[in-house]
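Asks: Spelled out, the chains give:
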Amino acid sequence: MKSKLLIIGSLIALSPLLYSFCGFYVSKADGTLKNKTSQVILVRDGNKTVITMYNDYKGDTKDFAMVVPVPVVLRKDDIHVVDQSIFQRLNDYSAPRLVEYWDQNPCEASFEEDKMYAATAKSALSESVVRGNGYKKDLGVKIEAKYLVGEYDILILSAKESGGLKEWLTTNGYKIPEGAEEVLNPYIKSNLKFFVVKVNEAEKKKLPGNFLRPLQISFNSPKFMLAIRLGMANADGDQDLIVYAFTRKGRIECTNYRNVNIPTGKNVPLFVQKNFSAFYGNLFDKQWNNEDKSVGFLEYAWDVSPASYYHCDPCIATAPSEQDLVQSGVWWLKDKDWNDYSDVDNTAPDNGSKNVHFTRLHFRYNRNSFAQDLMFQVTPNTETFQARYIITHPATGNFTCDAGKKYLQDLKRRRRNELLELTSLTGKNIDTWQEDASAKNDEEDVADAQYANLIPQVKEEMERETNNFPAGILLISAVMLGSAGFLRWKGFV
Amino acid sequence: MQFNLFKDARYFQIIFQSVFLAYGIFYLHWNAEWWMYGTYFGISLTTQFLCSVIFNKDITKLFSVSWWKKLQTSIPSVLISSFGLSLLLKTNHWYIAALAAVISIASKYIIRINGKHIFNPSALGIVATLFFTGDAWISPGQWGSNIVILFTVLCLGFIVTTKVQKLDVSLAFLGTFAALLFTRQIIYQGWPMDFFVQSISTGSLLLFSFFMITDPKTTPNHTVARIIWSMGVAAVAFYLTTFKFMNGAPIWVLVFAQPLVPLLDKLFKAKTFDWKPSKQLTPKESSFLRSVYTHAVM
Chain G
1 MKSKLLIIGS LIALSPLLYS FCGFYVSKAD GTLKNKTSQV ILVRDGNKTV ITMYNDYKGD
61 TKDFAMVVPV PVVLRKDDIH VVDQSIFQRL NDYSAPRLVE YWDQNPCEAS FEEDKMYAAT
121 AKSALSESVV RGNGYKKDLG VKIEAKYLVG EYDILILSAK ESGGLKEWLT TNGYKIPEGA
181 EEVLNPYIKS NLKFFVVKVN EAEKKKLPGN FLRPLQISFN SPKFMLAIRL GMANADGDQD
241 LIVYAFTRKG RIECTNYRNV NIPTGKNVPL FVQKNFSAFY GNLFDKQWNN EDKSVGFLEY
301 AWDVSPASYY HCDPCIATAP SEQDLVQSGV WWLKDKDWND YSDVDNTAPD NGSKNVHFTR
361 LHFRYNRNSF AQDLMFQVTP NTETFQARYI ITHPATGNFT CDAGKKYLQD LKRRRRNELL
421 ELTSLTGKNI DTWQEDASAK NDEEDVADAQ YANLIPQVKE EMERETNNFP AGILLISAVM
481 LGSAGFLRWK GFV
Chain P
1 MQFNLFKDAR YFQIIFQSVF LAYGIFYLHW NAEWWMYGTY FGISLTTQFL CSVIFNKDIT
61 KLFSVSWWKK LQTSIPSVLI SSFGLSLLLK TNHWYIAALA AVISIASKYI IRINGKHIFN
121 PSALGIVATL FFTGDAWISP GQWGSNIVIL FTVLCLGFIV TTKVQKLDVS LAFLGTFAAL
181 LFTRQIIYQG WPMDFFVQSI STGSLLLFSF FMITDPKTTP NHTVARIIWS MGVAAVAFYL
241 TTFKFMNGAP IWVLVFAQPL VPLLDKLFKA KTFDWKPSKQ LTPKESSFLR SVYTHAVM
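Keeping their order, the protein sequence lines are chains G and P. The opening position of the first sequence corresponds to residue 1 in the numbering used here, with each subsequent residue numbered one higher. The opening position of the second sequence corresponds to residue 1 in the numbering used here, with each subsequent residue numbered one higher.
Rather than coming from a laboratory, the hints here were simulated on the basis of the structure. Just so it is clear, CB atoms sit at the ideal spot from N, CA and C, and this is done for glycine as well. There's no promise every hint is true.
Stated by the list, open to error - Here are the computed lysine-lysine pairs in the DSSO-like style, where the Cα-Cα straight-line distance is at most 27 angstroms:
1) G:Lys223 to P:Lys244
2) G:Lys62 to G:Lys205
3) P:Lys244 to G:Lys160
4) P:Lys269 to P:Lys116
5) G:Lys76 to G:Lys206
6) P:Lys244 to G:Lys249
7) G:Lys189 to G:Lys76
8) P:Lys244 to G:Lys189
9) G:Lys490 to P:Lys69
10) P:Lys269 to G:Lys48
11) G:Lys293 to G:Lys223
As the list claims (entries may be wrong) - If you anchor each label on the Cβ, the simulated ranges turn out as follows:
12) P:Tyr27 to G:Ala202: 53 to 59 angstroms
13) G:Lys293 to P:Lys69: 48 to 54 angstroms
14) G:Glu460 to P:Ser18: 54 to 60 angstroms
What the hints assert, rightly or not - To list a few chain P residues with every Cβ distance to chain G over 10 angstroms, as calculated:
15) Leu21
16) Tyr37
17) Gly38
18) Phe41
19) Gly42
20) Leu50
21) Ser52
22) Phe55
23) Thr60
24) Trp68
25) Leu71
26) Tyr109
27) Ile110
28) Tyr239
29) Lys269
So here's chain G without its partners, still in its complex pose (with noise of 0.2 angstroms):
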């Protein structure tokens, strides 16, 4: 299963990515705890909830354990395993996308019309290893259900007190994660219960390949949440989630924590395309700095119903289908016989609309910025987003009429723009990117334009501009200020 589920490589990239949705990994043995990001298919309607998890888990699957919060006791009916490429056409659908444009010669007539397509940003997911195992005793600690589903051993718990469900897990060979008991007792007194995972290794061997497959769980509850807080116990840093929300009217947003569009529709140079997972990867890092953190970023949204047809523009890869959305676990759509999928809720209250829409939400928490689990609403913004950056290629010849030369000079005045913007969105030295804009030398036509040229002008240019942020905090200062010392002076304060 080192198969490419492919994210955006950056961010794996520059950070130390744990794993952990809304679980933590329990471990037996002394195993180190590493995961990444982690990512989860978010589907609402109504007070039905139906969360898919992918499931990462790379060593031994002995070992493997999971723990999961969640509002009620699952029947079996509501736990299901699916197909785990179903996360990797989500993501590749959805990503943050690069476009291309070629300029005209304005010197050479051409009815071609632009040519534009896509890349997007891409690289293997790191190797993680976990390990857990282990159940069974009483001590307080009631199990609800048990049940056998695809290649999982699954246990509901219900606990009294923290104290018990710790000694319980302890007990049974789960080691419990450094942090993670602050938050046990809090959950059980919010009535939740414990999913807890572990891997038949019976049913596993009947399976092909090493992977362990996503579960799928549905269950109606008027809570829409996340509860990412447990998996901030096994977790010494910033966890990356990557939120695929789908719903029938809009879409979702978080409700106790900033929803925040990423930068989108930025020029940014050519030489980009060399690395653009790296560029989106510190464009995030600047940004979740910047908005102090405790922000979920918005990276798409759009109507995915399959009767529209026009899902992005540009597409960077196919969009999920029919079948895709109905395994995603959009109960709504499923009136067909996807033989395969019978395992769909068919009871579910339908009122006719097929409308599907798709949220993509990137969230980096750690423990410091982010004290709460995440709620979410379900909103009827119907209005499309996507996360993307373009890149312009300069056009090819002899510019030596008028128009030619005016062109060289707009291409040189845009491409100092772009040299600005790409400062501005990742928060890099504009040194930075010396190497990478020298490297691209096959400009020979617009030589004066070359990026690498450009950089040494640019950073004269930036070191000439005064910082503008302290200017405006001390201009608002001065205002308010002002303001205060005329009122007092009025007599009104």
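Start from chain G and add chain P according to the hints.
Replies: Then chain P, alone, in the frame of chain G:
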């Protein structure tokens, strides 16, 4: 028109609300929907104009100088309502925005008891639009939970509310809400302190406490009634937020609690008891207060 910025607390409100809107758009990077703000302001002002024509009692005074003066003095209230909508209600459609603006302003003329309007215009506009169209939404997370916001809002809110002597409403509401949350989250559930701090420093909650529930026109006149009423709003809002997972519960509760105000005013009128001995006001202060009391603040 005699334009005296500091004689009318509504101008404070307008200044603070525009600061908040600018903060949201330029600092918190909201998706600024200029067309939506334009619709709120444009339609609100138009509605106000039309209503003052339609509900004009003396036909001979229509478009007279005094009529225009009266219309002019109502403009700050309209701006406050429009800002209230801009800060809270989001939609994808201009006609939904227009509907919210019409409901807000027209409700002041249509739904009245004893010559006083019952509902806080923007709160009613928001709730009615959410309820009837399903095409609008509020974003409780839009302010984040930042301690800096907490202090700014507290300071600004303090100035406004002390000016209109309704700080008791804010404190009773916020105090009750915080105490209930603290009991539930820290004492009962055992969450760490920062969990509670995040709940209570949410910008939406603070703005509600200092700028929406405080509207002197739609809160009971008697201090005791006012405090009981705010605590009731807080308790119900806490219940809906915590146990029913309702978003924006305080606004909904406020709208449903406002019809109780005339009733409370009636019940508590006979009581002469007042905790606060009435102090002697300077002419400046009393004219200031009069201007505040005679206009809807938000």
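Asks: Take the hints in turn and mark each one as holding or not.
Replies: Do the hints match the structure? See the list:
no.	hint	verdict
1	G:Lys223 to P:Lys244	holds, 8 angstroms
2	G:Lys62 to G:Lys205	holds, 11 angstroms
3	P:Lys244 to G:Lys160	holds, 22 angstroms
4	P:Lys269 to P:Lys116	holds, 16 angstroms
5	G:Lys76 to G:Lys206	holds, 21 angstroms
6	P:Lys244 to G:Lys249	holds, 21 angstroms
7	G:Lys189 to G:Lys76	holds, 25 angstroms
8	P:Lys244 to G:Lys189	holds, 16 angstroms
9	G:Lys490 to P:Lys69	holds, 26 angstroms
10	P:Lys269 to G:Lys48	violated, 49 angstroms
11	G:Lys293 to G:Lys223	holds, 24 angstroms
12	P:Tyr27 to G:Ala202: 53 to 59 angstroms	holds, 58 angstroms
13	G:Lys293 to P:Lys69: 48 to 54 angstroms	holds, 52 angstroms
14	G:Glu460 to P:Ser18: 54 to 60 angstroms	violated, 38 angstroms
15	Leu21	holds, 14 angstroms
16	Tyr37	holds, 16 angstroms
17	Gly38	holds, 17 angstroms
18	Phe41	holds, 21 angstroms
19	Gly42	holds, 21 angstroms
20	Leu50	holds, 28 angstroms
21	Ser52	holds, 29 angstroms
22	Phe55	holds, 33 angstroms
23	Thr60	holds, 39 angstroms
24	Trp68	holds, 28 angstroms
25	Leu71	holds, 26 angstroms
26	Tyr109	holds, 29 angstroms
27	Ile110	holds, 27 angstroms
28	Tyr239	holds, 13 angstroms
29	Lys269	holds, 31 angstroms
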